[in-house]
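> Take a look at the letters that make up each chain.
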Amino acid sequence: MKALDTMSLTYSYDDGTLALKDLSISVDEGEKVAIVGPNGAGKSTLLHLIAGFRMPFQGDVFVDGLKLEVSTADDVRKKLGLLFQDPDDQIFMPTVEEDVAFGPRNLKLDDVEGRTLKAMRSTGTDHLAKRRPHRLSYGMKKRVAIAGILAMDPEILLLDEPTSGLDPRSRAELVSFLKGMSRTMLIATHDLDAAAEIADRLVVLNISQVAEGTMRELVSERGLLEGAGLEIPQVSKLFESIRSSGFSVESVPVTMDQAAAEFGRTVERERRKNASNR
Amino acid sequence: MIVAHVRGHRVRAEALDEHAQASWLHRIDARAKLVGILGFVIICALMTNSMLIFSSLVLSVLFAGLSQIPGKHLVKAYLGALPFILIASVSVSAFSGPERGLDMWGRTSACVIPLLVLASGTETYELFSGLRRLHMPTLIATLLMLTYKYLLLMSEEMARMSIARRARGFRPGKSLLDRYGLSVLSYTAGMIFVRSSDRGERSYEGLRARGFRKEFPIWSSSRIGVPDISFMAVFLVLSVALVSLQLGVVL
Amino acid sequence: MHIPDGLMDPVVALIGWAEFVIVIGVTLLILRKRIKEKDLPRVAVLSAGIFVAQMLNFPVGGGTTGHLIGGALFAIMAGPLLAMVGMTVILLIQAMMFGDGGITALGLNALNMAIIAPLSGWGIYHMLNQMSFGNRKSDAGRTKSFWDSIPVACSAWASVFLAACACAAELSVSYAISGGRYGIAAPVSIPAVLGYHAVIGVGEAAITVGILAYINSVASKSPSRTSGDGKTVIRLGRTDPSKTIWAAVAILIVFALALPLYFVYAREGRDGLEQTMDDANVQEGSPVLTAPFSYGENYFAALFMGIVGFVVVALLCSGTIRLLGRGHRPE
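Chains as they are written, first to last, in our numbering: chain A, 1 to 278; chain B, 1 to 251; chain C, 1 to 331.
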């Protein structure tokens, strides 16, 4: 059974503009899928719809086998952890501790203190337990918001632009945090570098599905991502430029690690070329 | 941070919560504080004998003094309440003589001071939680929490907009006849509404995404202990004393 | 208009609390069945918004300032029931967090600002709307033309003025029945409170019209609201004939609220006032107004009768217009 499954999902805003068209996306358990697309592509809307906040829609949505309907919306939400783009939209209580505990308390889960502590520890916010959230930096607030979601122990995480607004250091920390987590994830983002690092698979969205595949596959198909209004990862740009300068780059990397490896191989190839030319 | 203009004086809500941490009042259960202090205030409002009014005023000030809440803050808050108190006292003086006027001033002051101490010495959420546990209607309790949250959001919004307005040279007019001034004011208010209602809606979704359904869970499960009971007992004794003296004098 | 503790006679304050509890109690009972979950953030946002709007001081000339009450605005935007609860929340926050308005006085404050203001504002608004638009349905609060804004302005002004009347009545009666120990004497309280609020009411009318105009213009231009149920958050009620009856009921309730006060005054007031007159005459060297005293009693009664008369006339008018309008309905 898939963790998440949508079938021919179509949704329009009140004024009639189409937001999502005929989407059929599925996520396996443990898989991390990134939904990428330009602004206005409907990524946020998709996440909010899956969480049961945009009804009615055409098509079907199944979360962990449960079909999303008005009557099941609350139960579906229990399985999901939706992280909002703006942490201030989610942080509510006067102290970090109470805020992280808010979710488990609402859902009447057991061992609220234990869950809270675990969530705070894993996000590195336990030293802020008694502090006031609205005094914290943006990056810390995001962490508190994530802790609040994790404390509910959801089956699937829905992350709405998790890296937006973060300074480079916080962003790097968040990326490695998400990368190291073993949970089913659906991430909506236009930060392709982050998507490349974290996600197993990407879906390119612009109201309807444009393409799907691993980052490498998408980058190799020339002009696909640019055509969808996206910028390919920095390292990929670099290596494409290197390749067009005449160096023998075999496959364009999409992450730093891949880039380092590819660089080594390219240098090796160049050396052999020079050697054989003599 | 909520910046309120209480009759022209700026009182910052966040500052209130800061002072709460400083005082021993902070550690008393909210329910005990509410029952004790509000009960005392009710009794003070019933005093009509000059000596008793004076005594209750002294007790109120004493309470304020012992509360460890910064005096400057309490004075500022008191000044905010003063205008209406003065108007009442002065007009009573005009009709019934200065003694009655003084009584009015003393009584209203004796009532407002413990209230200010209560507000300053308790964290807002604790206060709401205490009210809730004292069986305030759930709908009102929920709305209180939500409204407070949105107030925080809106105050930021307002502060930003006020600065933006001033940065573009807007100065409030002199009288009601200044139509331009009024219209800018109401447009500002309207804009705050619209922006905040969007924000409020998203915020509410954020709550629902974390399982919220119509009611906030009661989060502080503190029990009534000896300090709380002693606190209430002190106020009870004082209140009873004042009432019996008043009845004795009247009779 | 936030009354502090210790100002009003305990009996008056008690009446205030009793009426407040009864009205809000009934309101909550009705709402329990009718309220939808999406109403919660809507009302809370309005409460927060009007709380903030109350802080906007506007100058009224002569160096003094006034501020918005917002009862009519709330009621026009969210209906009378939610408005009463929402305004109560505002008062609770003000009293508990800022000490603005006492707790013995909370009943009276709520009565004036959270019950009388919204109810009368809403009632008058719908009745006036009905009178001017009896033949066509109109979106409430729509202020695209000057004429549309008249019901809004009138109801906003009236809500402030009626709340002020209540406040003045409470002050005078407190004074009269306590032998001058509580309250403020009628010759001072009535002109001062009514005069001040008659002016403030103009500001309230202007701001209420302005806010509604802005919201209407924004709401019509705004991009799609992506809320799940497809409705805008700020949705103004529609005017229709059935509302007129409820509007009239609302206004009658407002005046019914004054009755206990009047009975208390009638029973004990006379003695109190005579007592005070004696006090005043005995005082030496203090500024005492003797001439207006003989009108003190009449002020209050005249005021009360005048308002009742106005309402009766208004109801008759609106009823007549509707009867006439029925014949001209273009359908």
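Incorrect hints may have been included.
Mimicking DSSO-like on lysine-lysine, the simulated pairs with C-alpha atoms at most 30 Å apart in a straight line are [unchecked claim]:
hint : chain 1 : residue 1 : chain 2 : residue 2
1    : A       : 118       : B       : 214
2    : A       : 179       : C       : 33
3    : A       : 79        : B       : 214
4    : A       : 2         : A       : 118
5    : A       : 21        : B       : 72
6    : A       : 179       : C       : 36
7    : C       : 36        : B       : 214
8    : C       : 36        : B       : 76
9    : A       : 67        : A       : 179
10   : B       : 214       : A       : 21
11   : A       : 130       : A       : 2
12   : C       : 38        : A       : 108
13   : C       : 33        : A       : 118
14   : A       : 118       : C       : 38
15   : A       : 179       : A       : 2
Simulated from the structure, these hints should not be mistaken for lab results.
> Hinted pair, alpha-carbon criterion (30 Å max): residue 214(B), residue 21(A). Please report holds or violated.
violated (33 Å)
> If you draw a straight line from the CA of residue 2(A) to the CA of residue 118(A), is it 30 Å or shorter?
Roughly 27 Å between the alpha carbons, so the hint for residue 2(A) and residue 118(A) holds.
> With a cut-off of 30 Å on the C-alpha distance, tell me whether residue 36(C) and residue 76(B) pass.
violated (41 Å)
> Quickly compare the C-alpha distance for residue 118(A) and residue 38(C) to 30 Å and report which way the hint goes.
Since the Cα atoms of residue 118(A) and residue 38(C) sit roughly 33 Å apart, the hinted pair is violated (cutoff 30 Å).
> Compare the distance between the alpha carbons of residue 67(A) and residue 179(A) with 30 Å, and conclude whether the hinted pair is satisfied.
Roughly 29 Å separates the two Cα atoms, so the pair holds.
> Within 30 Å, alpha carbon to alpha carbon, are residue 179(A) and residue 36(C)?
violated (41 Å)
> Is the Cα-Cα distance between residue 21(A) and residue 72(B) 30 Å or less?
Violated, at roughly 62 Å.
> For the pair we were handed, residue 33(C) and residue 118(A), check the Cα-Cα distance against 30 Å.
violated (40 Å)
> Between residue 79(A) and residue 214(B), is the straight-line Cα distance small enough, at 30 Å or below?
Distance ~20 Å between residue 79(A) and residue 214(B) Cα, so the pair holds.
> Need the status of pair residue 179(A), residue 2(A): alpha-carbon distance at most 30 Å?
holds (21 Å)
> Between residue 36(C) and residue 214(B), is the straight-line Cα distance small enough, at 30 Å or below?
Holds, because 9 Å separates the two Cα atoms, which is no more than 30 Å.
> Between residue 38(C) and residue 108(A), is the straight-line Cα distance small enough, at 30 Å or below?
holds (22 Å)
Checked against the numbered hints above, the structure breaks hints 2, 5, 6, 8, 10, 11, 13 and 14 and satisfies the rest.
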